[in-house]
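Colleague: Below, each chain spelled out in residue letters.
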Amino acid sequence: MIELRGVTVALGGRPVVDGVDAAVAEREWLALIGPNGAGKTTLLRAVAGLVPFTGSIEIGGRPIEELRRSELSRLVAVVPQEPSTPPWMTVAEYVLLGRTPHLGPLAKEGRRDREAAARAIARLDLVGYEERRLGTLSGGEKQRVVVARALAQEAQIILLDEPTAALDIGHQQQALELLDLLRGESGLTLVAAMHDLTLAAQYADRMVLLDTGKVAADGVPRDVLTETLIAGHYGASIDVVPVGGRIAIVPRRGTRDT
Amino acid sequence: MTVAAERAADVRARGLTPIWACSAVGFLLVSLAVGVLAGPVDLGVGGVLESAAARLHVPGASTPLSPTEEAILWEIRVPRVVLAALVGAMLALAGATYQGVFRNPLADPYLLGVAAGAGLGATIAIAYLPEGLRGQRALPVAAFVGGAVAVMLTYAVGRSARRERDAATLVLAGVTVAAFFTAWQTFVQQQNAETLQQVYSWILGNIPNTGWSDVVLILPYVAVATVVILALRRVVDVLSLGDDEASTLGVDVRRVRLALVVAATLGTAAAVAVSGLIGFVGIIVPHAVRLLSGVGYRALLPLSVIIGAGFLVLADVIARTALSPAEIPLGVVTAFFGAPFFALVLRTTRGGVS
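Going down the list, the protein sequences come from chains F and B.
With my numbering, the residue at position 43 of the first sequence is 43, and numbering never jumps.
Add 1000 to a position in the second sequence, counting from 1, and you land on the number used in my numbering.
Please keep in mind that the hints were generated in silico from the structure rather than gathered at the bench.
Take the hints with a grain of salt, since some may be wrong.
[Claimed, not checked] Ranges between beta-carbon positions, derived for each pair:
no.	chain 1	residue 1	chain 2	residue 2	range
1	F	Asp125	B	Pro1018	25 to 35 Å
2	B	Asp1252	F	Gly135	22 to 32 Å
3	B	Arg1255	F	Ala10	20 to 30 Å
4	B	Ser1201	F	Gln81	47 to 57 Å
5	F	Ala10	B	Asn1104	24 to 34 Å
6	B	Thr1321	F	Ser138	50 to 60 Å
7	F	Gly12	B	Arg1159	16 to 26 Å
8	B	Arg1159	F	Ala107	22 to 32 Å
9	F	Ala122	B	Asn1104	31 to 41 Å
[Claimed, not checked] Sample of chain F residues facing chain B (criterion: CB under 8 Å; computed from the structure):
no.	residue
10	Ala48
11	Thr90
12	Pro101
13	Leu106
Treat the numbers as computed from the prediction; the structure is a model and nothing was measured.
Virtual Cβ for every residue (Gly too), placed ideally from N, Cα, C.
With the hints as extra help, turn the sequences into a complete structure.
Modeller: What follows is the structure in structure tokens.
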């Protein structure tokens, strides 16, 4: 579905993403992990067509630089880490903005657009919220509204940058469960930059560990989240504990050496 | 799917609701009526209506007005009201557009150096052109050219310093160009101190009594700008999410912003060219509409056109009647009455400005 070959992004003359090769299969959930500043966000921005890059990024076999902005946006939706949610906008208006790539610059939303938005609103359990202003919503509700907007976009791929960063553990779990459910129902492909390694291990099929812009490891969570790799790239000393068929990361106290 | 189809009726963006559209149009009509009727010569409601009917070739209608009154009505008052409406509509629309495109609630129609450029153009025309050429014909053209040149320069400077945060760069470029043009204008003014008064009165803003010629001069620019901006009004809502998110929603941000900024700026330059610098309309009208109605840009932009037109017509009535036969500069009126009104709106609403 997504093919990256030798992708390099230089910001201010410094390569932030450096020769990344990776592939994401259809319906796969890929977690991008790595320490702060590893280039996770920048890599997502490159795939979203927001920063110039060298190398090649192909989606469904087509290089993204050959796609028009609206074509790319019909294939790839983005849930940013800090989405702007204008307080005066209603939930319905905000979710309808997700239909923009399907409209010409001069067009208005039609019946099909309103139906797509209504479906997204229903899927995220936001029925009854249509006329609420974004300024009156809680953090968890806002997160759902943003995902609803991405869903209304009807793109096969959703890129998420730290989708749970602003949420408490209950809402984190709800959000990720929901994304997993949506992935199954709609056959979505998800690429998510994630900080919480345990949560990432719970949900992701595969992980790419980035460090200083390079791919340090790529594989199933069990192979990537090893004590050696985490110590080497995060400078953290942890235990990997098997829990119910998955793994959990537990920080170890007092032996930090770097 | 049928559930979605049913629910789709609830999923709507608030466009122009009938109540707001009717209130705005009602306000404009009242303002136009006041504008046509108010003045030193009392023409009477009946007289004006019958004269209009006669002009429209309504069978059996004939004007009760004397030829002088006819001339006052159709060659002075109506064109002045129409001109004020056009300028007010353009300034309010440009203000709302800039606020959306630059995501800055304080953005005004003079943001990109239009005012400074137009000011320089007008000053040069007043200082260097021979007496006969000045005034009516040359001044608006010079002001328009100055404003347009300043904006092109702003865009060139902004582009050369191409960064990721394009909107902020452009505003900084505008400030730079404005500073340069203002300095130049002050220099020209110092060298030609005898024209100071004339330049000053232009800067304070006035709707001139020039009959239909100024209306004809600015109408094409205002019409094109209005059509372009209103056609793109949905995209302005998308742009209010910021450049990156608008891009990921499929908007070619650079191109759309260029179209909006060029339209708003050329329209503003045209308006400023005939009216001088009338401050405050571009800030106060969109914000008052936003605070009172709480709508997004797709409704705010058309409402700003209508309310802006009515607002400036009323302000102009005050400017020309309060101290009649003398005139108060229109920019003074808009600020003097606009500021307290806006303070009142701020006090009585709890919505934020952004």
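Colleague: Each of the hints needs a verdict: does it hold here or not?
Modeller: Right, here's what the structure says about each hint:
For the pair Asp125 of chain F and Pro1018 of chain B, the supplied restraint of 25 to 35 Å holds, since their beta-carbon distance comes to about 32 Å. Taken as a hint, the range 22 to 32 Å holds for the pair Asp1252 of chain B and Gly135 of chain F, whose Cβ atoms sit roughly 29 Å apart. Distance hint for Arg1255 of chain B and Ala10 of chain F: a CB-CB separation of about 25 Å, consistent with the stated range 20 to 30 Å. A hinted range of 47 to 57 Å for the beta carbons of Ser1201 of chain B and Gln81 of chain F is consistent with their spacing of about 53 Å.
The hinted window of 24 to 34 Å between Ala10 of chain F and Asn1104 of chain B holds, with their beta carbons roughly 30 Å apart. Distance hint check for Thr1321 of chain B and Ser138 of chain F: the Cβ-Cβ separation is about 54 Å, which falls inside the suggested range of 50 to 60 Å. Checked against the hint of 16 to 26 Å, the C-beta distance between Gly12 of chain F and Arg1159 of chain B comes to roughly 19 Å, which is consistent with it. For the pair Arg1159 of chain B and Ala107 of chain F, the supplied restraint of 22 to 32 Å holds, since their beta-carbon distance comes to about 29 Å.
Between Ala122 of chain F and Asn1104 of chain B the beta carbons are some 36 Å apart, a value that agrees with the proposed interval 31 to 41 Å. Contact between Ala48 of chain F and chain B, as hinted, is supported at the beta carbon level, the nearest pair being about 5 Å apart and thus within 8 Å. Using the Cβ-Cβ criterion of 8 Å, the hint placing Thr90 of chain F at the interface with chain B is satisfied: the shortest such distance is roughly 7 Å. Among the interface hints, the one on Pro101 of chain F holds; its C-beta lies about 3 Å from the nearest C-beta in chain B, closer than the 8 Å criterion.
About 5 Å separates the beta-carbon of Leu106 of chain F from the nearest beta-carbon of chain B, less than 8 Å, and the hint is met.
In this structure, every one of the numbered hints holds.
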